[in-house]
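Chemist: The residues making up each chain are set out below.
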Amino acid sequence: MHPILKLVAQRLALSILLLLAASVLIFVGTTILPGDVAQSILGQAATPESLANLRKELGMDQPATTRYFNWLFGALQGDLGTALTNGRDIVESLGGRLKNTLFLAFWAAVVAVPLAIFLGLLAVRYRERWPDKLISAVTLASISIPEFLIGYLLMYFVGVKLGWAPTVSTIYDSMSLGEKLSAIALPVTVLTMVVLAHMMRMTRAAILNVMQSAYIETAELKGLTSFQVIARHAFPNAIAPVVNVVMLNLAYLVVGVVVVEVVFVYPGMGQYLVDHVAKRDVPVVQACGLIFAAVYIGLNMVADIVSILANPRLRHPK
Amino acid sequence: MKNELEYLSKRVADRKLSRRDFMGRASALGVSAAAASTMLSSAALAAGPKKGGTMKLGMMGGESTNTLDPAPAATQVPGMNLRLYGDQMVDVAADGSVEMRLAESVESTPDAKTWHFKVRQGVEFHNGKTVTSEDFLRTVERHANEDSKSGALGVLQGIKDMRAEGDTFTVEMENPTADLPYLMADWHLVVQPDGGFDNPNAGIGTGPYTIEVDEPGVRHAFKKNPNYWDDTRGHVDEVELLVINDNTARMSALQSGQVHMVNGVDPKVASLLNRAPNLEVRNVAGRAHYVFVMHGNTAPFDNKDLRLALKYAINREELVEKVLRGFGSVGNDMPINAAYPFFDDSFEQRMYDPEKAAEHYKASGHDGSPIVLHVSDAAFAGAVDAAQLFQQSAAAAGIPLEIKREPSDGYWSEVWNAKPFCASYWSGRPVQDQMYTTAYHSQADWNDTRFNNAEFDDLLIKARGELDPAKRKEMYSRMGHLVRDESGLIAPMFNDFVDGVSKQVVGYEDDPNGFLMYSWAPIKCWLDA
Amino acid sequence: MMRIPPAALIGLFFTGLYFFMAIFAPLIAPYPMTEIVGDVWEPSSAEHWLGTDNIGRDLLSRMIYGGRTTIFIATAATILSFTLGSILGFTAAVVGGWVDQLMSRFVDLIMSIPTLIFALVVLSVMPVTLFMLILVMGLLDSTRVYRLARAVAVDINVMDFVEAAKLRGEGRRWIIFREILPNALSPLVAEMGLRFIFAVLFVSTLSFLGLGVQPPNADWGGIVKENKDGIVYGISAALVPAVAIATLAISVNLVADWVLNRTTSLKGGRG
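Chains as they are written, first to last, in the working numbering: chain F, 1 to 318; chain S, 1 to 529; chain V, 1 to 271.
With the rest of the complex left out, here is chain F (with noise of 0.2 angstroms):
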């Protein structure tokens, strides 16, 4: 077997067994943790009758392993069970919310990524400098203020003072692709504020890393400006490693659309996460863990598979 496709065969191994693990780790979490599913259901309501019912319900009367590869059997099937507060399909209620997750996330990465990668490059280009001190000033600013400070100034600023941008978030599938840009052009901005400054650090480091290699020095004593040396000797040097942090910061913005879902009451699955983890509906937080956790895995391991590709050293394994 060619080396590459061994080590992709492997981290692709490591990674479903990592979500194997991680499966064990949400089931354990929510059914074996020394808190009473059943009672913490049920609160003040709760009588011998209706706990015992509830816990018949859950399955609890039944051994946790049982319980965990009944589930674990389930899900590998696409059935992910019912929601104890409405009874509803969980997968059903699900496949739509997760489409519109993944919909805003992915055009908040077409925004952000080629946004940061100019940015970080311009940055190392200007480096110590008054655009470098600049965005480093903006990334600290960036990581200090919570999502939903922006969220909010946005939606006052842009959506009601300057009325650019709807301030409801609602999409629909009957919406035109161009409607639908319009109704998350401030979830996305607010999105690629809060990844921007990540990535872009991210991708100065990397590529000034690059820079201290004696070929770049070569490069710079050919003549080449500065901007050349960059564009044509480092930056594809530093490929693996640029490819690396947007897959992290990827894997970022599908979890924190958590806070953005909620600000701009967008129908996805960070806002039916937040409801029901208030509502303490255990199948469905369940449901929504494993898939956030699979989602973020599986950018983990395309991150880990892309620098193996993209890095000669890796390639050829001594």
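Everything labelled a hint here was simulated from the structure, so no lab data went into it. These numbers come from a predicted model, not from an experiment. Treat the hints with caution; some may be incorrect.
[What the hints assert, rightly or not] For lysine-lysine, the following DSSO-like pairs were computed, each having C-alpha atoms within a straight-line distance of at most 27 angstroms: (1) S:Lys10 with S:Lys524; (2) S:Lys223 with F:Lys180; (3) S:Lys503 with F:Lys161; (4) S:Lys524 with S:Lys50; (5) S:Lys51 with S:Lys224; (6) S:Lys118 with S:Lys524; (7) S:Lys113 with S:Lys160; (8) S:Lys503 with S:Lys10; (9) S:Lys224 with F:Lys180.
[Stated by the list, open to error] Partial chain V-side listing against chain F, Cβ under 7 angstroms, derived: (10) Val232; (11) Asn253; (12) Val259.
Even for Gly, the Cβ is constructed at its ideal location relative to N, Cα and C.
For this one, chain F is given, so just place chains S and V on it according to the hints.
Modeler: Only chains S and V this time, still in chain F's reference frame:
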């Protein structure tokens, strides 16, 4: 000068002059913008309805579990859907009288026991079928059946026999029922083909609009029904209903012009919202009230002392001041106020009394664990604030309340009428009989206080047939006392309906029966381009 | 006495101010946290410096008590994550072998689920109390500290003075606490600043989502949630706590940066 402006405003109404030009000329004539705007809207109203356009509504009170079935509809969005796609036999007009809709006339025998509803001729359902008395019969039959989980189940108690003969639908009551037309005006009783037995969710009715898109909890879209029988209504071509439960988002949607109307304006922001130049906040006082309901059959609320403790531990004046901010009045732990016929104004107003509350609390022997109050802003605008004020005033009486914030989505299906203590609202009913039967009769599906009082049930039936007004008033008064003192109802305030309406909308009139002109707004109003 | 750069000075000032207010909240706050003292959303005045909140409580008092809650939770969670993370990290580095493998893989596993999601999963079954919030955040965050502590300790563990101590026959406890800890302190302190910021933002986010501190108590995130309806009308009651969160985070960050620079220059760039 005035004549010139009037002439100009008519030109605008006839679309011969742009709104902006008019405002410019008006200000040149030294007229304030507000006055000019008022002139414009009265001119637009005088010019009569304009056809066409898409009316967009942003509404609270919808969730992903909503269906088009009229029976279980409980909140604002499903209620609005019914208005748009359906009609009732009879309805209640803004002045409180009974209005004929699919029934052409209603007559009764002198003893008020037998009632005849005559069917309006030539009205068609969206599927082309003609409305018959059989459809009336089947509709009422379905709602009177417990399986339908109808909100009208309570008001349909006491029917002895029903039949459809020719163009007449006849109801025979066990007891005389003076207010039967009002009971039949319950907004759930939308006439469906064959009563909706085959498919209650089909969304087929006789209404001014046909449903095109049905995405529960997100959006409902409607198109004009070209065959609508009542050409005084249904002016716009399309109606779009966006479900926006979040207060902030709903208000900003109105402000930014994404929607033309919203319901449930939080009084806290009403004056701020009203400052926006392109819209108007409209409020109308009526019979609507905000409530905290305890299940009288569930511990710890099965203890009368505990219920009274909580009733004394709420500061009604403060709630009216802080939560309603002038858009409403103090309640007295019963669902009835002066807007109802036969109202007894001799009731003593229950006041906030921390000492009495503490006494009752002590007498109840409650173990001191926090009493959980489920609440969400979906219950009513400002509900979470109200709960916090309640928590505060109860704490002063030594009663620990724990506020459990619930998500908006699912509040009406999973919390209200399910959890033993929660916040809710009632929009009121035109007559006491209907209000009490809907929510306090022991058999009513919507008995959200689990009130079970034999004397009350008995009086309810007797009062229906009592033709002596003085005696009837006395009976209702007694029932009021029972609910106020015995039930699990805490009714701290009667709220106005507060809507936000864009200035593009013409024809908005106050209707004390409900929010957004008792849901008629998208049907009776039109858009002034 | 070394010169403190202005950025760090600003950071120190605000960090100090917030901590001071948190510690002495009952003495400083003009009104009790939950008492209703005025109308809804009054503008700032002599009696109410920051105005009043959504039901007429004094916003300044609420901010002070809310800051106390936020800072207390964040500090406690940071201390927990640090103690746990660094002890386990050092132990893994010093003991090595399967213990190291086991712990490191377990940490990888926990980190494979996004922190917020994991916290939400746990909070869906556990009662939301201060203790629980601290525990969840502290434990989840200790994974990050573990990684850093282990990496630093692995480097130090092979240095001469550690070898010398081992040859002297010192026990593992001695090596961890007397040899490694003092030398790993500076990167850990800087990291501590970042973890603290993370904890502040995290608890604010949870409360904003309605899953953190419950009413009538509130932390800064909760105050944002309570007052958010006013934002679109330019009511500042929701922006004040949000800005406080941001300034606290930035200040701590500035201080951490400065500490990091200072300590590394003192060490003569040990790497």
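Chemist: Does S:Lys113 pair with S:Lys160 here, judged by a C-alpha cut-off of 27 angstroms?
Modeler: Given that 27 angstroms is the threshold and the Cα spacing comes to 10 angstroms, the pair holds.
Chemist: Take the shortest C-beta to C-beta distance between V:Val232 and chain F; is it under 7 angstroms?
Modeler: holds, 5 angstroms
Chemist: Has the given pair, S:Lys223 with F:Lys180, been kept, meaning a C-alpha gap of at most 27 angstroms?
Modeler: Within the cut-off at roughly 22 angstroms; holds.
Chemist: Check the hint pairing S:Lys10 with S:Lys524 against an upper bound of 27 angstroms on the C-alpha distance.
Modeler: Given that 27 angstroms is the threshold and the Cα spacing comes to 21 angstroms, the pair holds.
Chemist: Run the distance test for S:Lys524 versus S:Lys50: straight-line Cα separation, threshold 27 angstroms.
Modeler: Given pair S:Lys524, S:Lys50 holds - Cα atoms ~11 angstroms apart, limit 27 angstroms.
Chemist: Would the hint linking S:Lys51 and S:Lys224 be met if the CA-CA limit is 27 angstroms?
Modeler: Since the Cα atoms of S:Lys51 and S:Lys224 sit roughly 11 angstroms apart, the hinted pair holds (cutoff 27 angstroms).
Chemist: With the threshold set at 27 angstroms, check whether the alpha-carbon distance from S:Lys224 to F:Lys180 stays at or below it.
Modeler: holds, 25 angstroms
Chemist: Within 27 angstroms, alpha carbon to alpha carbon, are S:Lys503 and F:Lys161?
Modeler: holds, 18 angstroms
Chemist: Is S:Lys118 within 27 angstroms of S:Lys524, Cα to Cα?
Modeler: holds, 25 angstroms
Chemist: Keeping to a limit of 27 angstroms between CA atoms, is the pair of S:Lys503 and S:Lys10 held or broken?
Modeler: holds, 16 angstroms
Chemist: When the nearest CB of chain F is found for V:Asn253, is that gap smaller than 7 angstroms?
Modeler: holds, 6 angstroms
Chemist: Regarding the hint that V:Val259 lies at the interface with chain F, is the smallest CB-CB distance below 7 angstroms?
Modeler: Not OK, violated: V:Val259 not within 7 angstroms of chain F, min 15 angstroms.
Consistency with the previously given hints fails for number 12 only.
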